[in-house]
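**Student:** Sequence:
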Amino acid sequence: MNRVWTLPNLLSALRLAGVPVFLWLVLGPEADVWALGLLVLSGVTDFLDGWLARRLGQTSIVGEVLDPVADRLYILAVVVGLGLREIIPWWLVVLLPLRDLLMWGLVPLLRTRGYSALPVHFLGKAATFNLLYAFPLLLLGDGTGAAATLAKVFGWAFAIWGVGLYWWAGLLYAWQVRKLLATTEPRGRGARDG
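So for the sequence shown, numbering that gives the first Met the number 0 puts the first residue at 0; every next one is plus one.
Treat the hints with caution; some may be incorrect.
Said to hold, decoys possible - Label pairs and their computed distance ranges (CB to CB):
hint	residue 1	residue 2	range
1	ALA181	TRP33	43 to 53 Å
2	ALA156	TRP33	19 to 29 Å
3	LEU40	LYS124	18 to 28 Å
These are calculated hints, taken from the structure and not from any lab test.
Being a predicted model, the structure only gives us computed values, none of them experimental.
Don't be surprised by glycine CBs; every beta carbon is placed ideally from N, CA and C.
Produce the complete structure using the sequences and hints provided.
**Tutor:** Spelled out as structure tokens, the structure:
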């Protein structure tokens, strides 16, 4: 389906619009409770947009692009915001966007074979799930007391698993691209040869 204005796409667009608001809340007034609320809302809409798209038969090309873009921008905004607040180390701030840059570098190769993107892999979804749990917990862990300490421990557990799965999924995507390049004719080549 190629409809643009669907309920799932609206939820993805709202999630995307929340990215700059989240950054402002974390970096401006340091309104962590509101920022956490926005992250929770983002996680709920991330689940709902896919579920509703399948349930209502409203899957669309726009949604297939908008949903992962919103996920990536949220992750980028969160790691940059938490990095600038010195809640997470800079190696983590660099590691996640670096994987995305490498993946975006594969898109031109896919296009030579007539593909715009690869379908989202389960490992990629699992990585995003872990990271979407990790960052709110790490933000909560920036406080004091037993609850903050516990949040930080669980936050780092989710972050380590999330980063590992994120890169593992990236390697699987790169392997799929390599396989496609080896087994698929370049787009338009068959027409010139025949």
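**Student:** Next, verify each hint and record whether it holds.
**Tutor:** For each hint, the structure was consulted:
1. The hint said 43 to 53 Å for the Cβ distance between ALA181 and TRP33, and at roughly 49 Å that hint holds.
2. The beta-carbon spacing between ALA156 and TRP33, approximately 25 Å, falls within the hinted interval of 19 to 29 Å.
3. Between LEU40 and LYS124 the beta carbon distance is about 19 Å. The supplied range of 18 to 28 Å therefore holds.
Violation of the numbered hints given earlier is absent; every hint is satisfied by the structure.
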